[in-house]
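A.B. asks: This is what each chain is made of:
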Amino acid sequence: MIRSTLLFTAALTALPLASAYAQKAGEVTVVLGEDLDLVEPCMATRSNIGRVILQNVNETLTQYDVKGGKGVLPRLAESWADQGNGTWRFNLRKGVKFSNGTAFDANDVKHSFERMVSDKITCESSRYFGDTKLSLNVVDDNTIDVTATPPQPILPLLMSIVTIVPSETPMAFVRDPIGTGPYKLTQWNQGQNITLQARSDYWGQAPAVKKATYVFRSDPAVAAAMVTKGEADLAPSISAADATDPKSDVSYLNSETLYLRIDSAVAPITDKRVREALNLAIDRSAFIGSLLPKGTVEAAAIVPPTTLGWNPNVKPFPFDPAKAKKLLAAAKADGVPVDTKFYLIGRSNLFPGVVEVVEAMQQMLQDVGFNVEVQMLEVAQIEQLYSKPFKEGRPPQMLVVQHDNSRGDPVFSMYFKYDSKGRQSGIADPKADELIAKATAATGPERAKLWSDLIAYVHDDVVADVLLFHMVNFARVGKRIAFTPTIATNSQLELADITFK
Amino acid sequence: MPQYASRILSSFFSLALLLVLVFFLSRLTGDPAALFLPVDATPEMLNQFRELHGLNDPIVVQFGRYVWDVLHLDFGESLRQARPAIDIVLQAFVWTLWLAITTIILVSIAAIVIGSLAAFRPGGVFDRLVSLISLIGASAPDFWIAIVGITVFAIGLGWLPTSGTGTVWHWILPIAVLFIRPFGLLLQVVRGSMVQAFGSAYVKTARAKGVGNRSIIFVHTLRNAMLPVITVIGDQAAAMLNGAVVVETIFGFPGVGKLMIDSILTRDFNVILAAILVTALAIFIMNLLIDLAYALLDPRIRT
Chain V
1 MIRSTLLFTA ALTALPLASA YAQKAGEVTV VLGEDLDLVE PCMATRSNIG RVILQNVNET
61 LTQYDVKGGK GVLPRLAESW ADQGNGTWRF NLRKGVKFSN GTAFDANDVK HSFERMVSDK
121 ITCESSRYFG DTKLSLNVVD DNTIDVTATP PQPILPLLMS IVTIVPSETP MAFVRDPIGT
181 GPYKLTQWNQ GQNITLQARS DYWGQAPAVK KATYVFRSDP AVAAAMVTKG EADLAPSISA
241 ADATDPKSDV SYLNSETLYL RIDSAVAPIT DKRVREALNL AIDRSAFIGS LLPKGTVEAA
301 AIVPPTTLGW NPNVKPFPFD PAKAKKLLAA AKADGVPVDT KFYLIGRSNL FPGVVEVVEA
361 MQQMLQDVGF NVEVQMLEVA QIEQLYSKPF KEGRPPQMLV VQHDNSRGDP VFSMYFKYDS
421 KGRQSGIADP KADELIAKAT AATGPERAKL WSDLIAYVHD DVVADVLLFH MVNFARVGKR
481 IAFTPTIATN SQLELADITF K
Chain U
1001 MPQYASRILS SFFSLALLLV LVFFLSRLTG DPAALFLPVD ATPEMLNQFR ELHGLNDPIV
1061 VQFGRYVWDV LHLDFGESLR QARPAIDIVL QAFVWTLWLA ITTIILVSIA AIVIGSLAAF
1121 RPGGVFDRLV SLISLIGASA PDFWIAIVGI TVFAIGLGWL PTSGTGTVWH WILPIAVLFI
1181 RPFGLLLQVV RGSMVQAFGS AYVKTARAKG VGNRSIIFVH TLRNAMLPVI TVIGDQAAAM
1241 LNGAVVVETI FGFPGVGKLM IDSILTRDFN VILAAILVTA LAIFIMNLLI DLAYALLDPR
1301 IRT
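In order, the protein sequence lines correspond to chains V and U.
Residue numbers for the first sequence follow the working numbering, so the first one is 1 and each next one is one higher.
Residue numbers for the second sequence follow the working numbering, so the first one is 1001 and each next one is one higher.
Source of the hints: derived by calculation from the structure; they are not laboratory data.
Glycine included, C-beta positions come from ideal geometry on N, C-alpha and C.
Among the hints, erroneous ones may be present.
Simulated coverage check for chain V against chain U, where a stretch passes if three residues somewhere in it have a Cβ under 8 Å from a Cβ of chain U [said to hold, decoys possible]:
1) 121 to 129
2) 203 to 217
3) 225 to 232
With a cut-off of at most 20 Å between alpha-carbon atoms, the simulated DMTMM-like pairs for lysine to aspartate or glutamate come out as follows [stated by the list, open to error]:
4) V:LYS294 / V:ASP283
5) V:LYS120 / U:ASP1057
6) V:LYS421 / U:ASP1040
7) V:LYS110 / V:ASP82
Not the full set, but computed from the structure, chain V residues with beta-carbon under 8 Å of chain U [unchecked claim]:
8) LEU38
9) ALA81
10) PHE173
11) GLN192
12) TYR386
13) PHE390
14) ARG423
15) GLN424
16) ALA428
Please model the complete structure; the sequences and the hints are all you need to start from.
C.D. replies: This is how it looks when you write it as C-alpha cells:
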C-alpha cells in the first residue's frame, strides 16, 4: 500500500505539470472576481465590463488622467474647442482603424452616440448625460460638432465615458465588440475566460502585453493563490485578509466612499444638532487597521481626493462623544424627539467585514444615547430605500452605502446625492441646489472653486450625512510584471499600464 | 409498464406546477431593472428597460406570453446576457452533468467496495477506521475542504492547478471535494445494509454450504443490500445535478448551480425558469433510471 502510494506520488511529481500553467513571454493572465454577463461597449461604464474592454478594446474621444492629475487628455480626439452656445468641436485623430479593418471617422462617433441613447437598447452610459439633449453634426470625416442642450461645460470630460464603435454596429447588444483600441477580443468562453490579443495595426504605441487572458474566481483567496502559484499575473481585487505578502500585495484607494445616508426630512434628523451628534459619535480612526484595512482614509467628502475641487480644508468630524451627548441633550430640551428609534441599515456583502463595522457603529451611537437598531437587507431592498420616491411615514433611517466616483469630476455625484431633486439626496437645501447648478455650468478654476465650496457647505454647514471612509482595495501583482493600481483600476484596467520586468 | 406512464404523467404535472409557481414567486421578489441598471439610472432608463423586456405588462399577460412561448419551445432571452436562456442553461448544465456523473460513479464504487469490506467484520480495526473516515467525510464543510485542498495540493505541493478548467488535472480537486461528503454518507449506508444482510438466514445457509467469502459478499449479499444504497445514490446524484454551488464558485467551474444562484440574485427570470426546467427534467430522468435499477435488482418489484 505504502509502496504504491509512493509510486503514484513519484509519477505525479514527474509530470511537467508546473510548466503547463506557466505564462508565456508577452502574455498575462488577470484574475477577476466578477464574471461578465455582456461584453457590450455602451455598458463599459459598468465596472465588470469596463475593467476588460474600456480603452483596451473600445476607446473614447477623451480620457481623464487618474495618474498624473493632468485632467482631460486626448485619445481618439486630438483636440477640442468650445464654439459657444453649448457646441463643442472635436478634431478626430487620423489614420485610426477599427479591429475589423474599417477606418474610424466622424460618422462612427455619431453612430456611437445615437446607439447610446437609442430606445432599442438600455445603454448604461447614457445616465451620465441626465436630461442633456445632444445633437451631433458631422463637419467632415475628422471633425464633429457636438451640441448639448442645456450647454454642458464638461462635455470633453463626458466624452471619456462614451465608447466608440463602428457605424455598422447594430442597435442591439453585441457579443463581439469591435473597437479602435490596442487589443481585439479573440475569445470569450462565458463563465470561464476572455482573451484579448494585441493588434499590429493599432494607431498608438504598441503595449508590452501581447495577449491577455481574463479568468474569473469569485473567491478572493483563490484569486490570490493563483497569482502566488504563477497561474495568474494580476488579481486586482483580493481581500485584506488575503493580502499577507508585502512583496506582491499593494493597497490602493478604490474610488468608493462609505457613508451613512441620512434623511433630514424625518424627525429627529431634521435637527442639525442631531446630525452633528451622529457624526461626532463615530470614532472613525478606531476602524482603520482593525475592522477596515490600513490605508483606508477618513472621509470629509463623498468624492475621493483625486476629484476636481476636493477640499483639503474640510476635515472629517472628530470623535467627541461628550459634545455629541451635549448636543443631544440640548435638542431634547427643545422638544426634539431624540429618543426615537433609528434604523442603521446595511447589506451583508457590501464589503468584507461590513456586519462588524455596522455593529461597531451601532455601539458607538448607542454610547452617546441614540436608540439604534441594526437591519441587514438585500441589495434590492436597500436600493428601494436609497432612491426616491421615499415612503411616507418612514422612520429615521441611516443607510450604510458606498458611492463610486472615479471619473474625476464631482458632477457625477453631487446632483444625485445633494440636490433637492437628486434621487438619493437626503437634503433639500436651496443654497446647495444653487451651488450645484453653478458648479455644473462653470469651467476651469471657477468650477473647482464652486465644487470646493459645495463640499465645505454640505459637510460643515448643512451636515447632510455621515461621511465615513474612502475605501481601499488590495491587488496582488505577480513577479513577472510591473503594475501600479490607480483609483480607476476598479472600473478600468488598461493593459497598456502593465509592463514586464 | 403502465405504472411508468402514470409516473411520467404525474411528473409532467408536477413540473408544470413548479414552473408556474416559480414564475409568479420570482416576480414577487421585485424589479430586475433596478439591478441591471445602476442606482443613479434615470426613471426613464428604468422604464425603457422594463418596456423592452415586457415587464410593464400585467403579470397575467406576461404569464400568457411565457406559456405560449414555452409551448413553442422558446424559453425566452436572458435579461442580463442578451441571448437565449436555454442556451445559457444547457451550456452550464453540461459542466454540472460531467461533474455529477464522474463523482457519483467514483463514490458508488468506492463506498460499495470499502463499505462491504468493513461490514464483513463489524467492530474490527478496518471497520472502525472506515467509520471514522466516513464520519469526518460526511461532516466536513466542503468550502473548507476546497480551500485546504488548494493550499496543500496546488500551492504547497504544486501538483494540481488551483482552479479553473482546461485540462484533466483541473477536474481532480473539484471532484475530490465533491466526492468526500456523499462518500462518507454512502459508506455508512452500504456498511449498515451489508451488516444486516450478513446476519440473514440465506448467508448462514451459504456459509454452511461452504461458499467462499468473496462469493458471499459480491454475489449473495451485495445484490440484496443494494436497494437502500441505490436510494441514497439517487438522492446524492439529484443534489449534485442541482449544481455544486460551493465547488463551482471556488474552483471557477461554470456549472448550473452557480448560474442558478446568480440568476436569482440578478432576477434573471427566464434563466431561473430554464435552469429549473432542465435540472428538474434531469432529476426526473434519473429517478426513472433508479426505478429501473430497482426492478432489475429485485424481481418482486417487476410484477
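A.B. asks: Taking the numbered hints from earlier one at a time, note which ones the structure violates and give those numbers from smallest to largest.
C.D. replies: Of the numbered hints, 9, 13, 16 do not hold.
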